[in-house]
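S.K.: Guided by the hints, dock chain A onto chain R, whose structure is given.
Chains as they are written, first to last, in our numbering: chain R, 1 to 55; chain A, 1001 to 1246.
In case anyone wonders, no lab produced these hints; they're calculated from the structure.
Any given hint could be a false lead.
[To be verified] Looking from chain R toward chain A, a few residues come up when the C-beta cut is under 8 Å (computed):
(1) Gly10
(2) Tyr12
(3) Tyr15
(4) Val16
(5) Gly18
(6) Met22
(7) Cys26
(8) Leu28
(9) Glu30
(10) Val31
(11) Leu32
(12) Arg36
(13) Gly37
(14) Ile45
(15) Asn49
[Said to hold, decoys possible] If you anchor each label on the Cβ, the simulated ranges turn out as follows:
(16) R:Gly21 to A:Ile1149: 30 to 40 Å
(17) R:Phe7 to A:Phe1137: 29 to 39 Å
(18) A:Asn1181 to R:Leu48: 55 to 65 Å
(19) R:Ala13 to A:Ala1144: 50 to 60 Å
(20) R:Phe7 to A:Thr1013: 13 to 23 Å
(21) A:Pro1171 to R:Arg50: 43 to 53 Å
(22) R:Glu5 to A:Met1197: 22 to 32 Å
(23) A:Glu1178 to R:Leu48: 50 to 60 Å
(24) R:Phe7 to A:Trp1180: 51 to 61 Å
(25) R:Gln33 to A:Trp1119: 45 to 55 Å
(26) R:Asp8 to A:Asn1085: 22 to 32 Å
(27) A:Ala1034 to R:Gln33: 15 to 25 Å
(28) A:Gln1230 to R:Asn53: 12 to 22 Å
(29) A:His1234 to R:Asp8: 19 to 29 Å
The C-beta atom is built at its ideal place from N, Cα and C for all residues, glycine as well.
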Amino acid sequence: MTFSEWFDMGGYALYVWGSFGMTVLCMLIEVLQLKRGGETLRQRIARLNRWENAQ
Amino acid sequence: MPSNIFQFSSPATFYPLAGRLVPWFSVIAIILIAVGLYMSFFVAPTDYKQGEGYRIIFVHVPAAWMSMLIYLVMAGWSIVGLVFNARLSAMMAQALAPTGAMFTFVALWTGAFWGKPMWGTWWVWDARITSELILLFLYLGYIALIGSIDDRRRGDRAGAILLLVGVVNIPIIYFSVEWWNTLHQGSTIKMNAQTIMDETMLVTMLIMACGFWAYSIAVALIRVRQIILQREHHASWVREIIGDQA
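Next up, chain R with everything else stripped away, as it sits in the complex:
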């Protein structure tokens, strides 16, 4: 079986890749958002600490 035959999924390429693609995309977005959110949160708390230490 060639790659393009496999990719074609017996004519169901749009549906199979549309499903698996969206699933992977959603999980990746969730992980990236969490990572970014965590960094922002740490920066905010550190800024708050600096501000309170300065008081």
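M.R.: Just chain A, lined up with the frame of chain R:
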């Protein structure tokens, strides 16, 4: 070190414990999902009826399972939170909500992408599909509700009550294919009868489901740590951990 399990219900004790659990569940999730994806495309045989199109089942069913399981776990945490007035329980429910909503969306999306080639339509107002859509609204409603109440304790209580009222939807989703004549097919995995599915297909689906389960735990633990930091940012232990450089 805490001497009994109840001490883990303190956010300050749970924070480092959750941090130690994250890598384990992440590694399990990555391995299981990688194996599951490989089996989905290279090991599981072609279906005699739906050809290659049936492979959508390997993400559709595990996502649908997780959408219901996560809701039940959140409802369980809500009961614990209401009965014991434990703050951490509400944080656990809150941490699971976005992941539950994500899997509900994925179940609906992959369902549409499976329905189109097999039934000829992206969407029908069928009992199974409609109740799953209501589940998505319950998740979004819960997230919006707790986000809109400034008083944390009141927000937690309101969220817990919403989750418990909405739990009635879960058996409706689960049994919809038996209770009503639906376009959606019946359960592939039956608890009280022999499963009519090729063994390789079944194993692939279960591996994927376990992968999604581990993923959900890893992501929820990371998120609950952020929620703890956010809610306890005034506490001295948080200030010590974060420091003033970042």
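S.K.: It remains to establish, for every hint, whether it holds in the given structure.
M.R.: Do the hints match the structure? See the list:
no.: 1; hint: Gly10; in the structure: holds (4 Å)
no.: 2; hint: Tyr12; in the structure: holds (4 Å)
no.: 3; hint: Tyr15; in the structure: holds (5 Å)
no.: 4; hint: Val16; in the structure: holds (5 Å)
no.: 5; hint: Gly18; in the structure: holds (5 Å)
no.: 6; hint: Met22; in the structure: holds (5 Å)
no.: 7; hint: Cys26; in the structure: holds (5 Å)
no.: 8; hint: Leu28; in the structure: violated (11 Å)
no.: 9; hint: Glu30; in the structure: holds (6 Å)
no.: 10; hint: Val31; in the structure: holds (7 Å)
no.: 11; hint: Leu32; in the structure: violated (11 Å)
no.: 12; hint: Arg36; in the structure: violated (11 Å)
no.: 13; hint: Gly37; in the structure: holds (6 Å)
no.: 14; hint: Ile45; in the structure: holds (5 Å)
no.: 15; hint: Asn49; in the structure: holds (4 Å)
no.: 16; hint: R:Gly21 to A:Ile1149: 30 to 40 Å; in the structure: holds (37 Å)
no.: 17; hint: R:Phe7 to A:Phe1137: 29 to 39 Å; in the structure: holds (36 Å)
no.: 18; hint: A:Asn1181 to R:Leu48: 55 to 65 Å; in the structure: holds (58 Å)
no.: 19; hint: R:Ala13 to A:Ala1144: 50 to 60 Å; in the structure: violated (37 Å)
no.: 20; hint: R:Phe7 to A:Thr1013: 13 to 23 Å; in the structure: violated (50 Å)
no.: 21; hint: A:Pro1171 to R:Arg50: 43 to 53 Å; in the structure: holds (52 Å)
no.: 22; hint: R:Glu5 to A:Met1197: 22 to 32 Å; in the structure: holds (26 Å)
no.: 23; hint: A:Glu1178 to R:Leu48: 50 to 60 Å; in the structure: holds (54 Å)
no.: 24; hint: R:Phe7 to A:Trp1180: 51 to 61 Å; in the structure: violated (38 Å)
no.: 25; hint: R:Gln33 to A:Trp1119: 45 to 55 Å; in the structure: violated (33 Å)
no.: 26; hint: R:Asp8 to A:Asn1085: 22 to 32 Å; in the structure: violated (58 Å)
no.: 27; hint: A:Ala1034 to R:Gln33: 15 to 25 Å; in the structure: holds (22 Å)
no.: 28; hint: A:Gln1230 to R:Asn53: 12 to 22 Å; in the structure: holds (20 Å)
no.: 29; hint: A:His1234 to R:Asp8: 19 to 29 Å; in the structure: violated (58 Å)
Checked against the numbered hints given earlier, this structure breaks hints 8, 11, 12, 19, 20, 24, 25, 26 and 29; the rest are met.
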